[in-house]
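Note that the protein sequences, when read in sequence, are chains A and B.
Using this note's numbering, the letters of the first sequence map in sequence onto residues 559 to 867.
Using this note's numbering, the letters of the second sequence map in sequence onto residues 559 to 867.
Hints are computed from structural coordinates only; laboratory data are not their basis.
Treat the hints with care, since some could be wrong.
Said to hold, decoys possible - Below, a list of computed lysine-lysine pairs in the DSS-like style, where the Cα atoms sit at most 25 Å apart: (1) A:Lys-707 - B:Lys-696; (2) A:Lys-696 - B:Lys-848; (3) A:Lys-696 - B:Lys-707; (4) B:Lys-740 - A:Lys-737; (5) A:Lys-859 - A:Lys-622; (6) A:Lys-696 - B:Lys-840; (7) B:Lys-749 - A:Lys-840.
There are 2 protein chains.
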Amino acid sequence: MIGFNKDDLAQEYWGRIKNITGELVMLPKDSSDILTHLSATDCLLVKLGATIDKETMDNAPNLKYIGMFGTGYGRIDTEYAASKGIIACNIAGYSNEAVAEFAFAIILEHIRALERGKKQAREGNYSESSFFNVYEIKSKKFGVIGLGKIGSRIAEIALGFGADVRYWSRARKEEYEAKGIKHQDIDSVLKESDFLSLNLTQNKETENFLNEERIQKIKLGAVVINLAPMELVDIDSLANRLEKNDIIFILDHSDEMTPEQLNRLKKYKNCIIYPPIAYTTKEATFEKQKMFVANLENFLKGSTTNKVN
Amino acid sequence: MIGFNKDDLAQEYWGRIKNITGELVMLPKDSSDILTHLSATDCLLVKLGATIDKETMDNAPNLKYIGMFGTGYGRIDTEYAASKGIIACNIAGYSNEAVAEFAFAIILEHIRALERGKKQAREGNYSESSFFNVYEIKSKKFGVIGLGKIGSRIAEIALGFGADVRYWSRARKEEYEAKGIKHQDIDSVLKESDFLSLNLTQNKETENFLNEERIQKIKLGAVVINLAPMELVDIDSLANRLEKNDIIFILDHSDEMTPEQLNRLKKYKNCIIYPPIAYTTKEATFEKQKMFVANLENFLKGSTTNKVN
Numbered sequence: 559m560i561g562f563n564k565d566d567l568a569q570e571y572w573g574r575i576k577n578i579t580g581e582l583v584m585l586p587k588d589s590s591d592i593l594t595h596l597s598a599t600d601c602l603l604v605k606l607g608a609t610i611d612k613e614t615m616d617n618a619p620n621l622k623y624i625g626m627f628g629t630g631y632g633r634i635d636t637e638y639a640a641s642k643g644i645i646a647c648n649i650a651g652y653s654n655e656a657v658a659e660f661a662f663a664i665i666l667e668h669i670r671a672l673e674r675g676k677k678q679a680r681e682g683n684y685s686e687s688s689f690f691n692v693y694e695i696k697s698k699k700f701g702v703i704g705l706g707k708i709g710s711r712i713a714e715i716a717l718g719f720g721a722d723v724r725y726w727s728r729a730r731k732e733e734y735e736a737k738g739i740k741h742q743d744i745d746s747v748l749k750e751s752d753f754l755s756l757n758l759t760q761n762k763e764t765e766n767f768l769n770e771e772r773i774q775k776i777k778l779g780a781v782v783i784n785l786a787p788m789e790l791v792d793i794d795s796l797a798n799r800l801e802k803n804d805i806i807f808i809l810d811h812s813d814e815m816t817p818e819q820l821n822r823l824k825k826y827k828n829c830i831i832y833p834p835i836a837y838t839t840k841e842a843t844f845e846k847q848k849m850f851v852a853n854l855e856n857f858l859k860g861s862t863t864n865k866v867n
Numbered sequence: 559m560i561g562f563n564k565d566d567l568a569q570e571y572w573g574r575i576k577n578i579t580g581e582l583v584m585l586p587k588d589s590s591d592i593l594t595h596l597s598a599t600d601c602l603l604v605k606l607g608a609t610i611d612k613e614t615m616d617n618a619p620n621l622k623y624i625g626m627f628g629t630g631y632g633r634i635d636t637e638y639a640a641s642k643g644i645i646a647c648n649i650a651g652y653s654n655e656a657v658a659e660f661a662f663a664i665i666l667e668h669i670r671a672l673e674r675g676k677k678q679a680r681e682g683n684y685s686e687s688s689f690f691n692v693y694e695i696k697s698k699k700f701g702v703i704g705l706g707k708i709g710s711r712i713a714e715i716a717l718g719f720g721a722d723v724r725y726w727s728r729a730r731k732e733e734y735e736a737k738g739i740k741h742q743d744i745d746s747v748l749k750e751s752d753f754l755s756l757n758l759t760q761n762k763e764t765e766n767f768l769n770e771e772r773i774q775k776i777k778l779g780a781v782v783i784n785l786a787p788m789e790l791v792d793i794d795s796l797a798n799r800l801e802k803n804d805i806i807f808i809l810d811h812s813d814e815m816t817p818e819q820l821n822r823l824k825k826y827k828n829c830i831i832y833p834p835i836a837y838t839t840k841e842a843t844f845e846k847q848k849m850f851v852a853n854l855e856n857f858l859k860g861s862t863t864n865k866v867n
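Isolated chain A (complex conformation) (with noise of 0.2 Å):
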């Protein structure tokens, strides 16, 4: 296992891992001792940030399993791992319900202006008088620019509020349209939505999706949200449109931005920024981590679950 700390697996899971392996080694995701472990390696437990590469491959002519410990998987060489018959598997979708939960929870927290009151009333300020510009979901425009697992639980969340909700995604979603999602083009769900939730996956095609041309495009007022990587975004253009103080841009994954990038976006009243906190829940780290020993299991037991490569 490399990289892994004793408090990212529950009990129950750390038991679980132990009944199936003959010998559990632990290792710093940094850590050079790496080559020599892997000579008696069948399974590789991987943490996030973990490069495991050919050179790693090649010292573990034992190794058929590769398990991630997370979605993304980018520094492991996945085709190369194929090319020699060893199995990579991620572990993606468990923090869906966390995130479209968390696009309502920042919606309502800014429209509903939530900071300024409880920060007025811990004054000992108990009057309404400057919230009469808050307003609500219902009935508004609200748009879903790509539909897969987290923009349709968002989009049917909206549904819920009462709100008027479109989507564009590169595939038509007959499932949805018949809740009463309609499907628009991307100019129009642009021009259109008083809310707006990016929720492509991000990909070469994917990467700055929101151009300058399409950033322009956007409803006056409007309040965009994206939880997604902000590679999706043009960050100039961003800029651009948030020093006309005409949308409001709320993000999460700040994590993953330049202090260059962050800095220049907090300058914007107007750009509202949160820690990477969509994906938190305590449920969707309880499925994690369901998830990440299931697929072990699964594996050995021939029935492999979640494969990548």
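Model the placement of chain B on the given structure of chain A, informed by the hints.
For chain B alone, kept in the frame of chain A given last:
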């Protein structure tokens, strides 16, 4: 018109009132001048806080209509008005949606630690490491006490989040049960709910509804919200339970509480106090004005709406 300011109605509605009346007299709510103006008055439009008692009505021989710009009418002797053939109308329900959405705003704000998250990011700390104790609404037991117009919208939105929604109300509501909102006895709602929303109408029967016995039954760790008047809650008993630090209580009718009551509850970190901002949305304000002017217009057409006496 008693107690109104220019800002109370949008231009459109001032225009509609001026079209209706022969003469429009505006008086401050504490005006000693009121009685001198009443002899010629047919319709009296009253803002919350103004008192219309027997003496006032006895001085208004032509009075036929009292229109209240609000829901409560405790300061108007509506029975005496009825005895003189004076119709009194209020406006109600204009902020149902505003209040229902606010319920989710304050619940999510708390369970996702948003205030702390924003503050930490502002200070330049983008680590999620102290946020793994946050949690979700989905699959939790969500109890609504009082399934009226606001309570039923809260229950419906909770269904959208995938909560297990239960209610207790004086009367069974089959149309909501058909949607999957389960009826339970009050003790079970108190004992089992992870989230608990108090949505009873305030009257003599419901005052101190959350008494010592009931407050002690609330589930350990529950988040309890009250967006109705705090007369529903016995403050001593609430303080006793808050002292144990095993529930969270969130309220917004702080303006109606005494300084002593507020200072008592403010001591507890597990009691979150907002100004009365659940009802202040733009949409509710618009609806309020619309209903107020429509009541007057309907009365003049002989098709009275929202009569309270």
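Structure-based check of all given hints:
no. : hint                  : verdict
1   : A:Lys-707 - B:Lys-696 : 15 Å, holds
2   : A:Lys-696 - B:Lys-848 : 18 Å, holds
3   : A:Lys-696 - B:Lys-707 : 15 Å, holds
4   : B:Lys-740 - A:Lys-737 : 23 Å, holds
5   : A:Lys-859 - A:Lys-622 : 13 Å, holds
6   : A:Lys-696 - B:Lys-840 : 12 Å, holds
7   : B:Lys-749 - A:Lys-840 : 22 Å, holds
This entry satisfies every hint, going by the numbered hints stated previously.
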